[in-house]
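Protein chains in written order, with this note's numbering: chain P, 1 to 362; chain Z, 363 to 532.
Because the hints were derived from the structure by calculation, they are not lab data.
Since we're looking at a predicted model, the values are computed, not measured.
Be aware that a few hints might be false.
[To be verified] Within a straight-line C-alpha distance of at most 20 Å, the following computed SDA-like cross-link-like pairs (lysine to any residue) qualify:
id: 1; chain 1: P; residue 1: LYS288; chain 2: P; residue 2: THR340
id: 2; chain 1: Z; residue 1: LYS411; chain 2: P; residue 2: PRO28
id: 3; chain 1: P; residue 1: LYS235; chain 2: P; residue 2: ALA258
id: 4; chain 1: P; residue 1: LYS235; chain 2: P; residue 2: THR336
id: 5; chain 1: Z; residue 1: LYS411; chain 2: P; residue 2: ARG36
id: 6; chain 1: Z; residue 1: LYS411; chain 2: P; residue 2: GLY29
id: 7; chain 1: P; residue 1: LYS173; chain 2: P; residue 2: GLU134
id: 8; chain 1: Z; residue 1: LYS411; chain 2: P; residue 2: ALA283
id: 9; chain 1: Z; residue 1: LYS411; chain 2: P; residue 2: PRO285
id: 10; chain 1: Z; residue 1: LYS411; chain 2: P; residue 2: ASP284
id: 11; chain 1: P; residue 1: LYS288; chain 2: Z; residue 2: ALA367
id: 12; chain 1: Z; residue 1: LYS411; chain 2: Z; residue 2: VAL428
id: 13; chain 1: P; residue 1: LYS101; chain 2: P; residue 2: SER212
id: 14; chain 1: Z; residue 1: LYS411; chain 2: P; residue 2: ALA32
id: 15; chain 1: P; residue 1: LYS166; chain 2: P; residue 2: PHE138
id: 16; chain 1: Z; residue 1: LYS507; chain 2: Z; residue 2: ASP489
id: 17; chain 1: Z; residue 1: LYS411; chain 2: P; residue 2: PHE281
id: 18; chain 1: Z; residue 1: LYS507; chain 2: P; residue 2: HIS9
id: 19; chain 1: Z; residue 1: LYS411; chain 2: Z; residue 2: GLU497
id: 20; chain 1: P; residue 1: LYS173; chain 2: P; residue 2: GLN185
id: 21; chain 1: P; residue 1: LYS288; chain 2: P; residue 2: SER315
id: 22; chain 1: Z; residue 1: LYS411; chain 2: P; residue 2: ARG280
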Amino acid sequence: MTDETMDLHRRLEQIASTPRQRPQIDVPGLAARGRRTLRVRRTCAVAGSAVAMGLLVTLAAIGLPRLDAEPERPAFPPSPPSGGAYPNPLVQRAVFGWLPKGYTPLSVTEDHQNGEHTFKVTAGLNGGRGSVVELTDFGVGPEPILGYLAGGIPAKPLHAAPVNGKRAHWIYKPGSGYGGKLRWQYGPHRWAEISVQGAADDTGTIYQIARSITFGTVKPTAFPFQVEGLPDDLKIYLSNAGPGLGGSGYSAMVDFAAGAYSMDNGLEISVTPAGLMARRFAADPGRKVTVEGHRALDRRSTSGGVARHTLIVSSVKGFDVTIQASGQTLRRLQATGGVTGLYRRITVLGTAPSRWTTAPLG
Amino acid sequence: MAGTARDEQYTAYVAARLPWLQRVAYLLCQDWDRADDLVQVALTRLYVKWHRAGSVENIDGYARTVLVRVFLAEQRTGWWRRVSAVREPPEPSPDLADHDSDLDLRAALRELAPRQRAAVVLRFYCDLSVEQTAEVLNCSTGTVKSQTSRGLAALRQALLPAMNLEEGTA
Numbered sequence: 001m002t003d004e005t006m007d008l009h010r011r012l013e014q015i016a017s018t019p020r021q022r023p024q025i026d027v028p029g030l031a032a033r034g035r036r037t038l039r040v041r042r043t044c045a046v047a048g049s050a051v052a053m054g055l056l057v058t059l060a061a062i063g064l065p066r067l068d069a070e071p072e073r074p075a076f077p078p079s080p081p082s083g084g085a086y087p088n089p090l091v092q093r094a095v096f097g098w099l100p101k102g103y104t105p106l107s108v109t110e111d112h113q114n115g116e117h118t119f120k121v122t123a124g125l126n127g128g129r130g131s132v133v134e135l136t137d138f139g140v141g142p143e144p145i146l147g148y149l150a151g152g153i154p155a156k157p158l159h160a161a162p163v164n165g166k167r168a169h170w171i172y173k174p175g176s177g178y179g180g181k182l183r184w185q186y187g188p189h190r191w192a193e194i195s196v197q198g199a200a201d202d203t204g205t206i207y208q209i210a211r212s213i214t215f216g217t218v219k220p221t222a223f224p225f226q227v228e229g230l231p232d233d234l235k236i237y238l239s240n241a242g243p244g245l246g247g248s249g250y251s252a253m254v255d256f257a258a259g260a261y262s263m264d265n266g267l268e269i270s271v272t273p274a275g276l277m278a279r280r281f282a283a284d285p286g287r288k289v290t291v292e293g294h295r296a297l298d299r300r301s302t303s304g305g306v307a308r309h310t311l312i313v314s315s316v317k318g319f320d321v322t323i324q325a326s327g328q329t330l331r332r333l334q335a336t337g338g339v340t341g342l343y344r345r346i347t348v349l350g351t352a353p354s355r356w357t358t359a360p361l362g
Numbered sequence: 363m364a365g366t367a368r369d370e371q372y373t374a375y376v377a378a379r380l381p382w383l384q385r386v387a388y389l390l391c392q393d394w395d396r397a398d399d400l401v402q403v404a405l406t407r408l409y410v411k412w413h414r415a416g417s418v419e420n421i422d423g424y425a426r427t428v429l430v431r432v433f434l435a436e437q438r439t440g441w442w443r444r445v446s447a448v449r450e451p452p453e454p455s456p457d458l459a460d461h462d463s464d465l466d467l468r469a470a471l472r473e474l475a476p477r478q479r480a481a482v483v484l485r486f487y488c489d490l491s492v493e494q495t496a497e498v499l500n501c502s503t504g505t506v507k508s509q510t511s512r513g514l515a516a517l518r519q520a521l522l523p524a525m526n527l528e529e530g531t532a
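Please take these sequences and the hints and turn them into a complete structure.
As structure tokens, then:
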């Protein structure tokens, strides 16, 4: 290293050591965001298109947003009746009325994290590979923030024509390479946003989709499993269902917690297409066991005073079943047989959507 | 849901190396708020790829590569000029206590093209070899040499007046 480059190194070190008032990054939040990404990928990681077509036809009849569906009963906020102790965890409160040719439903998500209550519905072209439309209904409340530019300057809404006579603005204009994102106020204190990636990223298409959306639907999603005997004081924080990218398998998951949901406290029940989770068994340090005749992985650990238990049971009527619990929520489950006991109270209903239930949580 | 060995390993690694990644990001973009954005995006990707990152010998190198590529990709999309997703207004920057020469260097660095800046930071701050830098930037060693050479020349040129002034007043 020459004197010049040594000097440059020293001075770069000085610049990089410029003091800050406090760190701005929430490490557990990063892990949570990473987990959400993995969940979406898991939901999306499915294969085979022939099965998907049959599945989608049936889904349109019983659960997922129908592209041409009319709302059954306009009401907001939704509070659907349910046969179980818990309400349906994933009530579709908005539907696309029109989508570009070839787009099919991919997933629906209801999110109660961070004190919010957002609903998302996603559709895509060719199973969503590269061309996706996502609608977010933010629920009742003030308009969510747009974000901040570098240096902490608040982002400004960009002028946009109204949607069905309601005020709207662009967050990203179409054709920018980042995907158009249009936000509008569809009712008093009710905001929605549509974001488009790929083929539909033009102003006319985005407006046609936005104008066709019906809000206020109350359509409980059908789940391919039913759970009995859940502790009665859990809160539902996140739920997701759909064929996902590729469009041929079906995944569904519900996250709960006793108290505040966090990386150290919660319960997740999910089903994914058979074989998806089981592929990881060989490399996983958990115990390989047999549960009710099915290959399973049982992983238990305690660190930092937090106990965790994961059970993955493979190939149960066409699905792999995953249960993960930790912290206070795991302790709540122990009184009723823990994670394994909970698994024994789950009935997987098979891959035929006609057998699924809109009251999955007993 | 959390609760895996993956989360524990990841959290331990990030907690230990976050300040270093923030410094590298700051040198790349010259803005602490944007540096945080870059690091958050990079670390989220690192979580998703943790099974791969955890099996490599040099996790730092893997994380640094992800970070630099996030930086370069966002230069291409212009995303950083539009919005970054933080809920609260960031704190105002603290008063800078740098020497004038560091301010000059900071300004000169900012004037470099993003890939030149990345090459300079990787070669002279991270002390990577030409070959390692080429791997991170996904380009040839010849390109690294030319980017570095031009970057250094631009820094020298930008710093020259200050140096002359210092020499003249000495």
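Taking the hints in turn, this is what the structure says about them:
Straight-line distance between C-alpha atoms of LYS288/P and THR340/P comes to about 14 Å, which keeps the hinted pair within the 20 Å bound. Annotation: proposed proximity of LYS411/Z to PRO28/P holds, straight-line Cα distance about 16 Å (limit 20 Å). For a cut-off of 20 Å, the pair hint linking LYS235/P to ALA258/P stands: about 6 Å separates their Cα positions. The hinted pair formed by LYS235/P and THR336/P meets the criterion: a straight-line CA distance of about 17 Å does not exceed 20 Å.
Restraint check for LYS411/Z and ARG36/P: satisfied, since their Cα atoms lie roughly 13 Å apart, inside the 20 Å limit. Note on LYS411/Z and GLY29/P: the hinted pairing holds, with a Cα-Cα distance of about 17 Å set against a maximum of 20 Å. As the CA atoms of LYS173/P and GLU134/P are separated by approximately 15 Å, the hinted pair is consistent with the 20 Å bound. Distance check on the hinted pair: LYS411/Z and ALA283/P sit about 15 Å apart at the alpha-carbon level, within 20 Å; holds.
The suggested pairing of LYS411/Z with PRO285/P holds, with an alpha-carbon distance near 18 Å, which does not exceed 20 Å. Straight-line distance between C-alpha atoms of LYS411/Z and ASP284/P comes to about 16 Å, which keeps the hinted pair within the 20 Å bound. A distance of roughly 17 Å separates the Cα atoms of LYS288/P and ALA367/Z; the hinted pair therefore holds under the 20 Å criterion. Of the pairs offered as hints, the one joining LYS411/Z and VAL428/Z holds, with about 10 Å between alpha carbons and a cut-off of 20 Å not exceeded.
For a cut-off of 20 Å, the pair hint linking LYS101/P to SER212/P stands: about 14 Å separates their Cα positions. For the hint pairing LYS411/Z with ALA32/P, the CA-to-CA distance comes to about 14 Å; that is within 20 Å, so the pair holds. With a CA separation close to 16 Å, the supplied pair LYS166/P and PHE138/P stays within the 20 Å bound. With a CA separation close to 14 Å, the supplied pair LYS507/Z and ASP489/Z stays within the 20 Å bound.
Annotation: proposed proximity of LYS411/Z to PHE281/P holds, straight-line Cα distance about 18 Å (limit 20 Å). Our distance criterion of 20 Å between C-alpha atoms is met by LYS507/Z and HIS9/P, whose separation comes to about 17 Å. Proximity of LYS411/Z to GLU497/Z is assessed by CA-CA distance (about 18 Å); at most 20 Å being required, the pair is judged to hold. Annotation: proposed proximity of LYS173/P to GLN185/P holds, straight-line Cα distance about 17 Å (limit 20 Å).
Under the criterion of a C-alpha separation no larger than 20 Å, the hint pairing LYS288/P with SER315/P is consistent with the structure, at around 14 Å. Annotation: proposed proximity of LYS411/Z to ARG280/P holds, straight-line Cα distance about 15 Å (limit 20 Å).
When the structure is compared with the earlier hints, no violation turns up for any of them.
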